[in-house]
Each structure stands twice: as structure tokens, then as C-alpha cells.
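Peer 1: Residue strings, one per chain:
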Amino acid sequence: MKDQLVIGGHPFNSRFILGSGKFSLEMVKAVVENGGAEIVTLALRRANLKGEENILEYIPPQVTLLPNTSGARTAQEAVTIARLAREINCGDFIKVEVIKDSKYLFPDNYETIKATEILAKEGFIVMPYMYPDLNVARALVNAGAAAVMPLAAPIGSNKGLCTKEVIQILVAEIMVPIIVDAGIGRPSQACEAMEMGVDAVMCNTAVATAENIPLMAKAFCLAIEAGRKAYLAGLGRVLTGAAEASSPLTGFLEE
Amino acid sequence: MSIKRTDPMVYHKEMEMIPSDLLDKVLKHVDNYDYFNDTKRDVEQALSKEQLSFKDFGALLSPAATPYLEEMAKKAGSETKKHFGNNICLFTPLYIANYCENNCVYCGFNCKNKIRRGKLSMAEMDQELKTIAKTGLKEILILTGESRHHSGVEYIGAGVKLASKYFSTVGIEIYPLNSDEYAYLRKCGADFVSVYQETYNCIKYEQVHLSGPKRVFPYRFYAQERALMGGMRGVSFGALLGLDDFRKDAFATGLHAYLIQQKYPHAEIGFSTPRIRPFINNADNNPNDVHERQLLQVMLAYRLFMPYAGITISTRERAGFRDHVIGMVATKISAGVRVGVGGHEQEDKGDEQFEISDPRSVPAVHQMILARGLQPVYSDYIRV
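So the protein sequences, as listed, match chains A and B. Read in order, the letters of the first sequence correspond to residues 1 to 255 in UniProt numbering. Read in order, the letters of the second sequence correspond to residues 1 to 384 in UniProt numbering.
There's no promise every hint is true.
[Said to hold, decoys possible] In the DMTMM-like style, the derived pairs of lysine to aspartate or glutamate whose C-alpha atoms are separated by at most 25 Å in a straight line are: (1) B:K81 to A:E255; (2) A:K103 to B:D348; (3) B:K81 to A:E211; (4) B:K49 to A:E26; (5) A:K103 to B:E268; (6) A:K159 to B:E79.
No lab work stands behind these hints, which were simulated from the structure alone.
Work the whole structure out from these sequences, hints included.
Peer 2: Written out as C-alpha cells, the structure is:
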């Protein structure tokens, strides 16, 4: 049986989601081709759909667009942006981002839950970007989120799995796909997240700031695949103390 | 006959006073800033840190940092890429009036300077805006001289409303207002407010602002805060480099912006780094000791101190300089610039504020950005 990522009833073979915000448009195309991403984000505020440099011309047709609500500071703004995205035929997927902090760009979980609830009722496939917190993740699922996207570290920081412990708890407790979004800086960190059992990894800065961008996209693609396979295979146990004797210590009881 | 000068620290009766202590904080730090005390070791420490303290920021602006310009540039380039990726925002200014009530010795618009004055009618403004919109630009900056009498808030509001029909982002660079007036312009469609303090040295400020409302130092200082109280999305800061001690002014500018960011976490912060330029009837008006090397040092220090802040590079600077600082440190560049009143569609109606050094069109700047491996961004905001 195929191991597919299913979000809102839609199956995907790749678990590498590409954020497009920091690339040149030509680069987005190159990265999709090399990274095998089947979902690419689109910041609606940057979409210059009628003018030159229309991002949609650079995204292959088989790729699912994930418009985001970046720029929104309230639930209501996010809802309006999502509706605009649907009107311009960007589909039903929406990544909800509500950010009120211009320095660290941390999401506002409270407003995010409110926007998720409204949009899910309107039939959107809502993927909220969140600050990792179990109660919030549960509230998002109850509000109708099709996946939750906890940050691993601040956007653009490439610092890796700083919120690892909480993400691990989300993996154990939350029944919709968990997609690690923001902060992943290396393929090895993406691999580690996948080994933990998250369902997908989203990257942008880590690839956009690499020296060889297409090659780094490939590296992420392979790392995410490797991590997924390791998770499915079940990681071998790790010894916490001394080496385990191959002969049982209590064997003498049977003598 | 001697002219009785007003006290630059005293508000005029129509000027709103807000409860804030930011001015005291900034001036206290600037008073204690002696850049000759900074050593190479201070600079090296600052360069090794992820988050800079006020002291580190001061060290990067000091003469001791001059030999470290290359290291600063490398680190700044990486920070810029991390926060902004390949994106370079494009915009253009539109001067809608050049009447001014202030006598500022360094500015071409000063009320004593015998230049051609004018302001655009609504029909003329509409025509200019349409012409600019045809270039593909989505962001515009509306500018006036500082005259409430000739270009009142209602007039500017009408201009902003018109501009927001054609542009997704509208900035304003006008005289400082009260918070309710900023709220009114926000309602009309303005998103960002730029107010430049020119110099943070109160004594020098008094000496170069001989008369007019601009002479009131604290009212100007608190303009960004009032703009944010009025609901604006973001505010820009800048000192006119070369007017006074540029290191101290740059230090004060950075602190001012930082403290505003602390107090208003949602605010989008921008920096500009204008240098004094020659203007009509004063060809000798130049930034003295602020050469390109010093200008770059200031820009790099801003970037390392506030890596998430936007930095605009002005057409006051030559094309070669502008081309090299985008991506490395600057995130926003103007194109197709006219600094007279109007002048995009028809003959301009008033003389220019200063001489520009980079007259390139929007397509030319667009091509240059692409050639540098960067991405021209026209729209970076969605009006909801």
C-alpha cells in the first residue's frame, strides 16, 4: 500500500512542502523540480497576478497551491484574504497565518483558532501555522483544521527543532497531520522531525539561503523520505545505561 | 532687527502631547555615547553576537568598526537573506505639493528659498497616479512640503484615497500630525508613515530649523508613535546624515526605532539613510564627512542591530552604490523617481527638493534587480 500524506481528503506522495516567499521566481521552479514538492505556498499579498512576474507562471500545474494569509493581523483579515484567494482560483487549501509581532513573527494562536473556525465552516481545507501548544492544537482540530503546522523555531532562523519536545507531544496526541513549519535549517533536522513521526516538513529559508539551491532542495527531499521510512520502520531502541549483556543476568535462575 | 526665536522644546497649542518617555530615553543614551571609547575588541564582540545590545550597536557605528566593514557586510548580507530572502520591494514617490512653512537651512523646499511652488489638483493627481500605475508599480509614497495651509490634512486624505484605488500600499511623507489625523489618513488608505528627525542633537536642531512648526523638536520626535496610535501599519525613521555628527544621529535613529518596536510589537519598522544633497540656490549643500564608506557603515549597523527592519536606499545615491547595497542590506528601492511636483505625466508644477543621482526607470531598475539574482517585488501587502 502506498504511504501517502492525506490532507483534507487529498493524497500527496511527497511530504516536502515548499515555502516560496524568499526565492526568486525562477528558483521556485527549479526547487519544485529538484525537491519533488507537490505543495507550494503562495503569499497572496505578493501575488502580482495581473502584472509582470506572476508567480503562478512559475509553479507547474500538477503542484497544489497553498495560499497563505501572511500580512493578516486579525482573524477577520485572514478570513478576507482566504476568501480572496478562493476568488482568484487558488483552490480550497489555505494556510492561516495571523501575525502581530513584526520582530519574531510568532503566530497569534488565539486569532488563528478564530480564523480556522470560520474558514473550515466555509469549506476551506485549513492548515493553520501555530506556536506549538497542545491545548491550541486540540482547539484547532475542534475548529476544523485539516492539519496543524507548529513552528520548529522562529521563521527564517534555520535553528532546527527548538520546540522538539512539544512537537513530539502533538504527534502523540493530535490525529490530523502535523506539519513542521518554520525554523528547520538542515536536511538532517528535517529527517529528525520525520523520524519523530511528523507527517510533513515545510521549508523555505533553509533552501533559499543555500549555496546551491536545487541541490539543497534535493537533499531535503531525500532527508524527508529517509526520515519517513525510518519512522515507518520503527527506530531501534537506545540504551540509556551500560551495554546490554547478550546473556540474561537472571539466567542462573533457570539453572 | 533681531528675530525672536521660539523655544524648540515648547509645543504649539494645536500640537498633541502624548504620555511617552521615549525621547528622554533616547537622548540619555545618546548623551552617554562616546564612540571614541569603542575599541576593536568591542566591534569584534558585537560581530560575534546574535542579538546586539545598544553598546554593540554603538561600537559598529564607531570609527573602530571602519576596518571591519567587509565582515559587517558579510554578516549583514546573511541576515538580510535570512529575513527577506531574495525580495527587493519597488516603489516610487509622488510629490503632490512643495509649499512649506518652515525655514530649514538644508532643504530646497524651505520657505525662504525662491523656487517655483505648486500643488496638484485632484484631476492632475489622478493622471499622475494612473501614469505611475501603468509602470506596474503597486506601492507609492505621497509627499508634500510641510504646509498645513497649502496642503491640509483633508487634501492629503483625498490624495491618499485616490492613490489607494491604484496601489496596494500607500506611504505618506508629510508634516507630523496628531494621532486622530493619522487615524483619518489611515481610514483614507494610508499604510505607512515616514518622518525623519533630521538630527537628534537638540542644539543643532534649533540652529537649522530657524522658523516654522518643524522647529518643535519633541512634536516631530513623537510623530511615529502618534502614527501607530492612529492605526498605521508601519513607520520609518531616518536622520539626515551630514547635518550633524552622523554617528550620533545614526545611533539615536536606531535607538528610537528599537524602542518604538519594543513598545509596539506589531509595527513594521523601516529605515532610510538620506544624506544632504545640493538643491536649487545651494549647490554646496553636501554631506561633509559622510562619504559612501560611512553611509554603508550606517546601513550595515542598522541591519545588524535590527535584522528584521526594512531599509530603503534613496535616489540621492548613485546607481552603482544602490545596485550593490540591495540584497546585502537594503530591501527597498525607488525607481522612476521625480522629485518635482508631479512630473510623471505632465510638466512638473513645482521645483525639486534636491538633486537625484539615479534617474533610472522602473523597467531599468527591475532588470538590474534580476541581473543581481534578486526578485523585484511590486506587491507586498493586500488591502483587506
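Peer 1: State for each hint whether it applies.
Peer 2: Against the structure, the hints:
In summary, the hint linking B:K81 to A:E255 is not supported, as the alpha carbons are separated by about 69 Å, beyond the 25 Å threshold. Note on A:K103 and B:D348: the hinted pairing is violated, with a Cα-Cα distance of about 40 Å set against a maximum of 25 Å. For the given pair, B:K81 sits about 12 Å from A:E211 by alpha-carbon distance, which is consistent with the 25 Å threshold. For the suggested pair B:K49 and A:E26, the alpha carbons sit about 34 Å apart, so the restraint of at most 25 Å is broken.
For the hint linking A:K103 to B:E268, the alpha-carbon distance of about 8 Å falls within 25 Å, and the restraint holds. Restraint check for A:K159 and B:E79: the C-alpha separation of about 14 Å stays at or below 25 Å, so the hint holds.
Going down the numbered hints, you'll see the structure goes against 1, 2, 4, while the others check out.
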